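Given two chains presented individually in distinct reference frames, assemble the corresponding complex, making use of the accompanying hints.
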Amino acid sequence: MNILEADSDRLLKAVRALLEQKGIVSTAEVAERMATTDNASPGQGARMVAKAWLDPAYRALMLEDGTKAAEALDIPMRGMPPLGVLENTTDLHNLVVCTLCSCYPRAVLGYPPFWYKSAAFRARAIRDPRELLASEWKTIIPDTMKLRVVDSTADYRWMVLPVRPAGTETWDEAQLSAIVRDGDMIGVTIPAAA
Amino acid sequence: MFAPGETVRVKDEWPEANGPVHIRTPHYVRGVTGQVVRHLGDFPNPEDLAFRRPAERRALYHVRFQKGAIWPEAKPDDELLIEIFGHWLEKP
Numbered sequence: 000m001n002i003l004e005a006d007s008d009r010l011l012k013a014v015r016a017l018l019e020q021k022g023i024v025s026t027a028e029v030a031e032r033m034a035t036t037d038n039a040s041p042g043q044g045a046r047m048v049a050k051a052w053l054d055p056a057y058r059a060l061m062l063e064d065g066t067k068a069a070e071a072l073d074i075p076m077r078g079m080p081p082l083g084v085l086e087n088t089t090d091l092h093n094l095v096v097c098t099l100c101s102c103y104p105r106a107v108l109g110y111p112p113f114w115y116k117s118a119a120f121r122a123r124a125i126r127d128p129r130e131l132l133a134s135e136w137k138t139i140i141p142d143t144m145k146l147r148v149v150d151s152t153a154d155y156r157w158m159v160l161p162v163r164p165a166g167t168e169t170w171d172e173a174q175l176s177a178i179v180r181d182g183d184m185i186g187v188t189i190p191a192a193a
Numbered sequence: 000m001f002a003p004g005e006t007v008r009v010k011d012e013w014p015e016a017n018g019p020v021h022i023r024t025p026h027y028v029r030g031v032t033g034q035v036v037r038h039l040g041d042f043p044n045p046e047d048l049a050f051r052r053p054a055e056r057r058a059l060y061h062v063r064f065q066k067g068a069i070w071p072e073a074k075p076d077d078e079l080l081i082e083i084f085g086h087w088l089e090k091p
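Sequence order for the protein chains is A and B. For the first sequence, numbering that gives the first Met the number 0 assigns the number 0 to the initial residue and increments by one for each residue that follows. For the second sequence, numbering that gives the first Met the number 0 assigns the number 0 to the initial residue and increments by one for each residue that follows.
So here's chain B without its partners, still in its complex pose (with noise of 0.2 Å):
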């Protein structure tokens, strides 16, 4: 479990790659360090829904990205506010 204010970074996987997936982490924020914002609940692991299999309840953060630490033109303060589950997120 990861707490409010928790610095962590979305792995930088692309699973994509070796075959068909269905992923919730948008890519432009895989390998990018964020902030826990808060536990929004626990959910089956769509990755799995989408396919038909047994789906493990998975929890779900929601969590703050800086603009800046993705775009470098973009207004540093401005923000990015993402659910994503927790596999796919960890300690930098």
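Excised from the complex, chain A in its bound form (with noise of 0.2 Å):
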């Protein structure tokens, strides 16, 4: 038989009944995986932001360790690199790229935007980061204000912790997870009280 022409649903259980058999991943285990990446998307990391926001016990939990913070709040992080979280301020302004292949927070964020992978975004992202911000998405980083261009090159996945939009004082935690987008949490745009 010609494993390329092979029915690809029968190949599969073969191989899914196979790797049982051997004993390497269990029926339970291939079950998690997939829950884990069908549950995995932007509204995800969104409520990690939202709380950090308001709890600052849970945005330090974040900042020292992001697979505990997701795993707080019930995000499956068994298996999955761990995740790191690096902080937007007033004066410093994080990008996360991957020039090597494309590492992308996926426990929290799901599948990365088509762009994510793009040799011109990942050239861009580390040459020329403000102008590439400025003319793809309208995100103007001040003079004043300190790019952090994070190459995510090895084994930690990592995620941005944006700053809390003004006018979002009195809201609560589903009003401001809602106004958090997957650019947000790497960088490329800056949520806002719309």
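For the record, the hints were derived by calculation from the structure and aren't laboratory data. A portion of the hints provided could be inaccurate.
[Claimed, not checked] Some, not all, of what chain B presents toward chain A, calculated at C-beta under 8 Å:
no.: 1; residue: 23
no.: 2; residue: 25
no.: 3; residue: 39
no.: 4; residue: 70
no.: 5; residue: 77
no.: 6; residue: 84
[Said to hold, decoys possible] Covered, in the sense of this in silico footprint (three residues per stretch, anywhere, with C-beta under 8 Å from a C-beta of chain B), are these stretches of chain A:
no.: 7; region: 121-134
no.: 8; region: 145-155
[Unchecked claim] Simulated DEER-style distance windows between Cβ atoms:
no.: 9; chain 1: B; residue 1: 74; chain 2: A; residue 2: 12; range: 54 to 62 Å
no.: 10; chain 1: A; residue 1: 22; chain 2: B; residue 2: 8; range: 40 to 48 Å
no.: 11; chain 1: A; residue 1: 73; chain 2: B; residue 2: 37; range: 26 to 34 Å
no.: 12; chain 1: A; residue 1: 127; chain 2: B; residue 2: 6; range: 23 to 31 Å
Keep in mind that this is a model prediction, so the values were computed, not measured. Backbone N, C-alpha and C define an ideal beta-carbon position, used for all residues, glycine too.
Here it is, written out as structure tokens:
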């Protein structure tokens, strides 16, 4: 049989049965990973950001250990790379890129946008990030602020904790999490109280 | 081990010139001097993992570089923060 021409559903079933038979991966583990992948979306990261804006102890935990902070909100992290969180301030803006491939904090943000993997985004993000953010996202980083480009090159995955926008002082967690987008959590955009 | 705040230089080595390799050190920081921010933990060496060789756990650091040290036209205060394995770092 030519494996390239085999019926893919049957092939998958056969490989999964073999993995189980050989004790490499159990059915339950496959189901758990599928659920993790299905549940991963920017909404998960947005919940973390909203909670961090309201709860200083949670914010401290998130900056210390992103994986623990995600797990505290029941976001499954088992088998996922360690999550690091970098805080934006009024003096510092973080932008995440992976120049070597496409490392992205999938556990809390889901699949990366298509352009995240493009050679153009990767090259421009490290070489000319201010121009990139201004021309593609209308995100203007003032000259008085430091821009820090985080090249995600190895075992961690990095997400950005944005600055809580002005005008949201009375908002609750649900209202806050609703305005946080995926781009805000890798630093290409900045959330606003719109 | 390198301590937070320590000045380090990324080795100016190009093993990809000698054959197939898997390297997690971006080319644009080879030979560039930066500062250790912190030790992130120890992880199996990806250079061996990629070829299914036994992989020793190696120290991984977050290292900060001034943009101006890499590209002259960059805003000098802007910086790059990169994960780099200890075996790629040396004291300048």
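Check each numbered hint from earlier against the structure, then list the numbers of those it violates in ascending order. none
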